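Asks: All chains, full assembly: derive it from the sequences and hints.
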Amino acid sequence: MTLAFEGRSNYLNGIDAPGSQPLLHLLCQLGEERISAVAMVDTGAEWCVMRPEIAAALQIEAAVDELPIALSSRLGTYYGFLHREPLYLVGEGEGGGHLRLEATWFVSPEWQGPLVLGWRGCLERMRFAIDPGGEWFYFGEMEGEHG
Amino acid sequence: MATVTVLTHEAQIEQELTRVRELVESHLVDDARALSRELAAQWPDSPQVQHWARVLEPPKACVRRDQPAIPRATWEAERQWLRANASKYPGHWLALLGDELIAADPDYEKMREQVRRRKLPEPVVHFFQPKSWPSW
Numbered sequence: 000m001t002l003a004f005e006g007r008s009n010y011l012n013g014i015d016a017p018g019s020q021p022l023l024h025l026l027c028q029l030g031e032e033r034i035s036a037v038a039m040v041d042t043g044a045e046w047c048v049m050r051p052e053i054a055a056a057l058q059i060e061a062a063v064d065e066l067p068i069a070l071s072s073r074l075g076t077y078y079g080f081l082h083r084e085p086l087y088l089v090g091e092g093e094g095g096g097h098l099r100l101e102a103t104w105f106v107s108p109e110w111q112g113p114l115v116l117g118w119r120g121c122l123e124r125m126r127f128a129i130d131p132g133g134e135w136f137y138f139g140e141m142e143g144e145h146g
Numbered sequence: 000m001a002t003v004t005v006l007t008h009e010a011q012i013e014q015e016l017t018r019v020r021e022l023v024e025s026h027l028v029d030d031a032r033a034l035s036r037e038l039a040a041q042w043p044d045s046p047q048v049q050h051w052a053r054v055l056e057p058p059k060a061c062v063r064r065d066q067p068a069i070p071r072a073t074w075e076a077e078r079q080w081l082r083a084n085a086s087k088y089p090g091h092w093l094a095l096l097g098d099e100l101i102a103a104d105p106d107y108e109k110m111r112e113q114v115r116r117r118k119l120p121e122p123v124v125h126f127f128q129p130k131s132w133p134s135w
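As they're listed, the protein sequences go chains A and B.
Residue numbers for the first sequence follow numbering that gives the first Met the number 0, beginning at 0 and rising by one.
Residue numbers for the second sequence follow numbering that gives the first Met the number 0, beginning at 0 and rising by one.
Don't read these hints as lab results, they were simulated from the structure.
Heads up, a few of these hints could be off.
[To be verified] Beyond 10 Å from chain A on every Cβ pair, some chain B residues (computed):
| # | residue |
| --- | --- |
| 1 | H8 |
| 2 | D30 |
| 3 | A33 |
[What the hints assert, rightly or not] The calculated EDC-like cross-link candidates involving lysine to aspartate or glutamate, where the alpha carbons are at most 16 Å apart (straight line), are:
| # | chain 1 | residue 1 | chain 2 | residue 2 |
| --- | --- | --- | --- | --- |
| 4 | B | K87 | B | E99 |
| 5 | B | K59 | A | E123 |
| 6 | B | K87 | B | D104 |
| 7 | B | K59 | A | E142 |
| 8 | B | K59 | A | E5 |
| 9 | B | K118 | B | E99 |
| 10 | B | K59 | A | E101 |
| 11 | B | K59 | A | E84 |
If you're wondering where the values come from, they're calculated on a predicted model, not measured in any experiment.
Where a beta carbon is used, it is the ideal one built from N, C-alpha and C, also for glycine.
Replies: Right, here's the structure in full:
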């Protein structure tokens, strides 16, 4: 069985304090401004979660009449709103592509955790694979789709 | 005598969007998506309804090779620096260009201002190092 991927990026593993859990971090870019930031990939997170500072930099605000929704997370319950904002995964190496996706982000002014790439509105719509040997994150379009 | 309550369009929309919100909060996202699609077809002129349909619609990923996302072919230098040094800056936003730390500040805007003052030719990589990692 052969799966094809159009791009790959080296991920960061173990940049946190020694003894903590292994976490997978990817360089990505957000918004049309292409703010470069390192995000944690978490297939168990329901949504992508944006740091409030990045949301402010991208001038993302809730609509005036929008009621907040509650997101229960490992860090507790947070109130915020869902927002669509482009996400770019940065490909490395010759011939490698980069991936663009209109991701859905949960934005909360109180969020204290990392920038998270979650399942809904993001990881569920791309083909990806992890190679722990070389610390590569492979990514590509889903079969039969071209954005 | 039976009482009939007639809801205005706005009240109907609000009621339906409350259902969408409840479905999302209950992790029933597929149901929320189906409902928001129905509502979007029913109320094409409602910005709130269209907003919910848009944020819940599964996106499409698109791979491009034409515009390099970063000028260099790799961000290995930044990665090496972060591995070795990020934990020394708990609670800080870091800005890196290659293996050079351009700015470090707990305040995101102050960090960006330091970067702007340097007038750098390439986009820097931003990284937030939490004070402590949660038990994830």
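Asks: Evaluate the condition: distance from the CB of B:H8 to the nearest CB of chain A exceeds 10 Å.
Replies: holds, 15 Å
Asks: What's the verdict on B:K87 and B:D104, does the C-alpha distance respect the 16 Å limit or exceed it?
Replies: holds, 12 Å
Asks: B:K118 and B:E99 were given as a pair; does the straight-line alpha-carbon distance stay at or below 16 Å?
Replies: holds, 14 Å
Asks: Does B:K59 pair with A:E5 here, judged by a C-alpha cut-off of 16 Å?
Replies: holds, 15 Å
Asks: Is the nearest Cβ of chain A still more than 10 Å from the Cβ of B:D30?
Replies: Since the minimum Cβ distance to chain A is about 13 Å, B:D30 lies beyond 10 Å and the statement holds.
Asks: Holds or violated: B:K59 with A:E142, Cα cutoff 16 Å?
Replies: holds, 11 Å
Asks: Hinted pair, alpha-carbon criterion (16 Å max): B:K59, A:E123. Please report holds or violated.
Replies: This hinted pair holds, its Cα atoms lying about 10 Å apart.
Asks: Would the pair B:K59 and A:E84 pass a check requiring their Cα atoms to be no farther apart than 16 Å?
Replies: Holds. B:K59 to A:E84 sits at ~13 Å (cutoff 16 Å).
Asks: Checking one constraint from the list: CA of B:K87 to CA of B:E99, max 16 Å. Satisfied?
Replies: holds, 15 Å
Asks: Tell me if the straight-line CA distance from B:K59 to A:E101 falls inside 16 Å.
Replies: Status holds; Cα separation ~7 Å.
Asks: If we take the beta carbon of B:A33, is the closest beta carbon in chain A still more than 10 Å away?
Replies: Consistent with the label, B:A33 stays out of reach of chain A, its closest Cβ about 14 Å off (over 10 Å).
Checked against the numbered hints above, the structure violates none of them.
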